[in-house]
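As given, the protein sequences belong to chains P and A, one line each in that order. Okay, so the first sequence: first residue is 2 according to the working numbering, each after it adds one. Okay, so the second sequence: first residue is 2 according to the working numbering, each after it adds one.
It should be emphasised that the hints constitute simulated quantities derived from the structure, not laboratory data. Worth double-checking, as some hints may not be accurate.
[Unchecked claim] Derived list of chain P stretches under chain A, where covered just means 3 residues or more per stretch with a C-beta under 8 Å from a C-beta of chain A:
hint: 1; region: 56-62
hint: 2; region: 96-105
hint: 3; region: 117-124
hint: 4; region: 200-206
Every residue gets a Cβ at the ideal spot worked out from N, C-alpha and C, and that includes glycine.
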Amino acid sequence: MTAPTFDAARPTSDSAVVLRMTDVHSYYGNIHALQGISFEVRAGEIVTLLGANGAGKTTTLKTIHGLIHARKGRIEFEGRDITSMPAHEHVGVGIGQSPEGRRIFSRMTVLENLQMGAYTRRDTSTLHEDYRRVFELFPRLEERRDQSGGTLSGGEQQMLAIGRALMTRPKLLLLDEPSMGLSPILVEQIFAIIQDINRQGTTILLVEQNALMALGVADRGYVLQTGRIVRSGEASALLQDEEVRKAYLGG
Amino acid sequence: MTSATAARRPFAAIPWRAPLVAAFALVIAYFVILVGVLADPSQHLTFVGAIPQAQAQFINAVTIGAIYALIALGYTMVYGIIELINFAHGEIFMCGSFVSWWLLTTLGFSGAISDPLLLIGVLILAFAVSMLVMGIVGVVIERLAYRRLRNAPRLAPLITAIGVSFILQNIVFVAISNSIVTTPQIIPNTVLTFGPVTVGLINLFTIVLAVGLMVALHLFISRTRLGRAMRSTAIDREAAQLMGVDINTTIALTFFIGSALAGAAGVVQGLYFGITVFNIGFQAGLKAFTAAVLGGIGNTTGAALGGFVIGFLEVISSVWGQGRWSEAVVFGMLVLVLVFRPTGILGQQLGDRA
Ligand SMILES: Nc1ncnc2c1ncn2[C@@H]1O[C@H](COP(=O)(O)OP(=O)(O)OP(=O)(O)O)[C@@H](O)[C@H]1O
Ligand SMILES: [Mg+2]
Chain P
2 MTAPTFDAAR PTSDSAVVLR MTDVHSYYGN IHALQGISFE VRAGEIVTLL
52 GANGAGKTTT LKTIHGLIHA RKGRIEFEGR DITSMPAHEH VGVGIGQSPE
102 GRRIFSRMTV LENLQMGAYT RRDTSTLHED YRRVFELFPR LEERRDQSGG
152 TLSGGEQQML AIGRALMTRP KLLLLDEPSM GLSPILVEQI FAIIQDINRQ
202 GTTILLVEQN ALMALGVADR GYVLQTGRIV RSGEASALLQ DEEVRKAYLG
252 G
Chain A
2 MTSATAARRP FAAIPWRAPL VAAFALVIAY FVILVGVLAD PSQHLTFVGA
52 IPQAQAQFIN AVTIGAIYAL IALGYTMVYG IIELINFAHG EIFMCGSFVS
102 WWLLTTLGFS GAISDPLLLI GVLILAFAVS MLVMGIVGVV IERLAYRRLR
152 NAPRLAPLIT AIGVSFILQN IVFVAISNSI VTTPQIIPNT VLTFGPVTVG
202 LINLFTIVLA VGLMVALHLF ISRTRLGRAM RSTAIDREAA QLMGVDINTT
252 IALTFFIGSA LAGAAGVVQG LYFGITVFNI GFQAGLKAFT AAVLGGIGNT
302 TGAALGGFVI GFLEVISSVW GQGRWSEAVV FGMLVLVLVF RPTGILGQQL
352 GDRA
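So that you can see chain P by itself, here it is in the shape it has in the complex:
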């Protein structure tokens, strides 16, 4: 764990910033996937990250989480430099993720998947409460708690992935395409649940292909294009933006 830096003593106006990315560059070998990304997420917000296939949305989330380490730039979480923190320590500072493609543990039961979410937690007193909360958000999961993850439907797997991330008790929840492959009704449900989670106090960074839905729930948004941020602003403004409409909302 890194020692507190001088950033910890920044002005209070800044303390509402949960995540700050400053000129972040990431590579896969010599593929320059993120080419200087800067943005921030403030406490209590839902911020959405939009962009076409291959724009770098997933890479951004992986970089935040330390699965890929930024080669240049700085990532701060609650004022603390986490740029080079190992991936497994991110849960400890309050970052949870439901990754692209769900990535649930197929040969483990639903309950065991949720237990994995609680893997680093020692606060057994609040643990019970959180299982309850996840089962309230997703009653399906409770019905299937002893079923192995791989046998769940796509929608149920998505619920499990989100539930599992919630079990880490994140301050910041990273969601990578939670609507992928779901029926329209289920997409509505998932987005309603995302808003619920946010209202209960979790800050959310939402990556989506479904720009319309994402901008509908988000406070602000950023648009990524080949590793760079090309647009940013209030969600309502982005919804009106001509370019954004053309590129992501079908006109």
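Please arrange chain A with the ligands on chain P, whose structure you already have, making use of the hints.
Chain A with the ligands alone, transformed into the frame defined by chain P:
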């Protein structure tokens, strides 16, 4: 995927079938051994005369199977978590037998210990030391030889493993002995009688110990937090990290446990056969590997099962062919499994609950 697997093997869906099939297989194995003993032209035994011998061979098969099972678990655990066939694992077993040889001879033992309390104490010490030392050796090997190659093409760590295996063999060859070493058989040559069944104390000890270790391992993997960390890392390393699992520690733990079990098998080797040699790990390792493949590599229950199957195959082929064919049968089995059922009897799962 899981439901498709279940459909392909209807036995798995019905829990009471498994023990029934196992019991049936054991009965058949017994009769095959019995007929083999009767058919032995050098002995001319009557049916009644053959029974005690068949019984002894049956128990011998279970004992040898237990040793293979203990070694096979390490192969399967390591494969399950990093998809590496750790060819140095047989050498861990060999080194374990030398650690126990060294400890027992240093303490001045050369034969059976008749005082039961002393015997138990020395056994606990021998197993604890050998398991701990080999566990640490396994962790060090992973750290030095395999970790850097984790994302390399799969052939690289495989060749490295073969290299590590030569290194361990040569260390023992140079530092200890280039020929067969006699190990102290500290367990008295006592035979216990349970009604019509007679079992050697060493056999009973080995079987109980191996089964105990396997049950403990199973409970550890399926019920504990660290066991879940191991399974999740085996399934999806990146997702496990997102949950806060330190995969380096988890992989090291897997090597520790697998190597410790091979270390325990090494102690049993010395106690049961009374000998060890620097190159014993090669064949034992290959047979245990066959056991792991047979059970479904990556699947701990399968590895244990495979170990016992190999034990029986070896004993049956030696009873029928006076030992000449046992290797050919076991490795023929490996080829057959790889060709016709590469996922093994139980399929590919770490910590399967079937
Ligand atoms: N493991 C990898 N190795 C090499 N290049 C990669 C790898 N993963 C992603 N890339 C490249 O990095 C770029 C960004 O990919 P990323 O997955 O972040 O896109 P994305 O915005 O999430 O796209 P999608 O909407 O399709 O999920 C792409 O050009 C992709 O080809
Ligand atoms: Mg993506």
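Checked hints:
1. 56-62: Not satisfied, violated; 0 residues make the cut.
2. 96-105: With 5 residues closer than 8 Å to chain A, the region 96-105 of chain P meets the three-residue bar; holds.
3. 117-124: Since three or more residues must qualify, the claim that chain A covers the region 117-124 of chain P holds, with 4 doing so at under 8 Å.
4. 200-206: violated (count 0)
Hint check: violations occur at hints 1 and 4; the rest are consistent with the structure.
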